[in-house]
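Okay, here's what each chain looks like letter by letter:
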Amino acid sequence: MADGPVLELQGVSKSFGAVQALDGVDLEVREGEVMALVGDNGAGKSTLIKCVAGIHTIDAGEIRFDGEPVQVSGPKDAAALGIEVVYQDLALCDNLDVVQNMYLGRERLGPLRRLDELAMEQTARETLKGLAVTTLKSVRQTVAGLSGGQRQSVAVAKAVMWNSRVVILDEPTAALGVAQTRQVLDLVKRLGQQGLAVVIVSHNLSDVFEVADRITVLRLGKDVATLRVADTNQQQVVEAITSDAPADRRAGIEVAPA
Amino acid sequence: MIALVLLAILVVFSSLRFDAFASESNIRNILTTASVLLVVAVGMTYVIITAGIDLSVGSVLVFSGVIAAKVMGALGGEGLTAILLGLLACLVSGLGWGILNGLLIARAGIPPLIVTLGTLGMALGSALLLTSGINLRDVPTELTITIGIGRLFGVVPFLVLIATVVTVVAGVALALTRFGRYTYAIGSNEEAARRSGIDVGRHLIKVYALSGLLAGLAGFMSLSRFGTTELAGHQTDNLAAIAAVVIGGTSLFGGVGTIFGTVIGVFIPAVLANGFVILRLQPFWQQVAIGAVLIAAVYFDQLKRRQRERGVTR
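Protein chains in written order, with my numbering: chain P, 18 to 275; chain A, 123 to 436.
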């Protein structure tokens, strides 16, 4: 299985009433690969993420994990498979500290069903260290006091702590300054190097070109192009995002997966 | 910090009238008076940490007392069986109102303020209907002389003992268990809690059920202490409990608070009321003072929040 894609979508469609949000989308991502998902507003990026995360159920098509067709009908299903999503708004609890956030919903219990704070703190610290997140003063400070980049790092660390195999990041750098964007992009690259399959959604093409191996372009709910970063340039991607004639271009520039 | 305020109040009263204020019987008196409210306030602390509110506690307390008095009356008004079934009736009716609150809030999506304002009226109205507005006195004498005014080893009043056990168990559960952690998480960011796989609705139902259950227990304690259903005696219990919780540092915005703080918040008004009486001041000053302490407590909470939003870490 090692050579096949970890996560594979085939012909995935989803509509909300009369709106066809996704129309026969194919996508695949392999271990150690960073796949960027780009597209204009309303192209279907968020819907696609939510389908993989189990928040929306798909109308047609198939989601495969390790080559096996799977049903993802809730966030717990996704987590059980090893798919974690880091949403744009991060969804951290401000009043809880870093460790409490990382373990939220999956707390470790000691004797008498007491929370095993020491064990949780230790693992959290190791995970952060493994991701080279070193800017936190303490893992026991509340998330409210962290910078945007630190919060993003905590959210990512929370996602990768569970032996997850696919991590999906929704606009991880959208609200960040230059230095913090750098922190987060380095972190994304490290996730790929550690053998995770990473899907990153972004509007920022220079970020995408820096961290991604391949790019899938969505337009009006269709995947209009899948490009290898090494073989393309920003101009070509912008054209794919905005083009009116997806079918022709797609035939011209699509590349077979590695 | 609020503990220092309580300490200061204690020091002032003790230095003014040490003999009367710090006597064993007066301390016992303060503790006993506070114990019923403390049990209610402990449940309220959980509710407010989830960023909710429970206005129905006083009515649920009265309603549960009425049900218990009815049950105990029907069983002859005497004997251990009657007492135990009366206690059970109190707990079940409190739990029932709590679950109703929880279901309406978590499943029907109605705001807690409205739901519990509604059940406040429903519970009190039902209690009045059941009694035609006349206090029931079918409370077994064995109950009033044991739980009501009795003391363990002749020292610790049973009411205080019950309140202490409830407080310690609830305090430990809030600080050290998953149940407590989820309570903070939901109050801090409900959506984040949901995405982390926490069943938010289910947890909220449990929290309101706990508040109702404790109000029911408080109803039994009140019944034991006064030997009557006190139909008109608990109309401001909800506000007293909320004030105690907030004075104790729990944020109405949710996500922050401790049971220890609530204990302090219950005792500040209790000690003030007692001290004013001993000093022969008009006891009404207590209400004025508590109002001021409450406003100050919320002001400091907001100040802290604003500082945090500006990115200042403590």
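Any given hint might turn out to be false.
Each pair of labels, with its calculated beta carbon distance range [claimed, not checked]:
1) 375(A) - 196(P): 29 to 37 Å
2) 239(A) - 192(P): 50 to 58 Å
3) 254(A) - 157(P): 22 to 30 Å
4) 154(P) - 427(A): 36 to 44 Å
Far from chain P by the CB rule (all over 12 Å, computed), these chain A residues [said to hold, decoys possible]:
5) 132
6) 283
7) 284
8) 315
9) 378
10) 410
11) 424
Hints listed in this document are in silico derivations from the structure and should not be mistaken for laboratory results. Bear in mind the structure is a predicted one, so any value in this text is a computation, not a measurement. Even for Gly, the Cβ is constructed at its ideal location relative to N, Cα and C.
*Far enough from chain P: is every CB of that chain over 12 Å from the CB of residue 284(A)?*
With a cut-off of 12 Å, residue 284(A) remains clear of chain P, as the shortest Cβ separation is near 23 Å.
*Is the nearest Cβ of chain P still more than 12 Å from the Cβ of residue 315(A)?*
violated (7 Å)
_Can you tell me whether the CB distance of residue 375(A) to residue 196(P) sits inside 29 to 37 Å?_
holds (31 Å)
*Is the Cβ of residue 132(A) farther than 12 Å from every Cβ of chain P?*
Per Cβ check, residue 132(A) is outside 12 Å of chain P; nearest 31 Å; holds.
_Separation of residue 424(A) from chain P, once the least beta-carbon distance is taken, above 12 Å_ = Nearest chain P Cβ is 14 Å from residue 424(A), so the label holds.
*Can we trust that residue 378(A) is non-interface, i.e. its beta-carbon lies farther than 12 Å from all of chain P?*
violated (5 Å)
_Holds or violated: the 36 to 44 Å window for the beta-carbon distance between residue 154(P) and residue 427(A)?_
With Cβ atoms ~21 Å apart, the hint is violated.
*Return holds or violated for the Cβ distance of residue 239(A) and residue 192(P) against the range 50 to 58 Å.*
Taking Cβ atoms as reference, residue 239(A) and residue 192(P) lie about 39 Å apart, which means the hint is violated.
*Beyond 12 Å from every chain P Cβ: check whether that's true for residue 410(A).*
Its Cβ never comes within 12 Å of chain P, the nearest being 32 Å, so this holds.
*asked:* Taking 22 to 30 Å as the stated bounds, is the beta-carbon spacing between residue 254(A) and residue 157(P) within them?
replied: With Cβ atoms ~58 Å apart, the hint is violated.
_Distance rule for residue 283(A), whose beta carbon must clear each one in chain P by more than 12 Å_ = Holds, since 23 Å exceeds 12 Å.
Of the numbered hints listed earlier, those contradicted by the structure are 2, 3, 4, 8 and 9.
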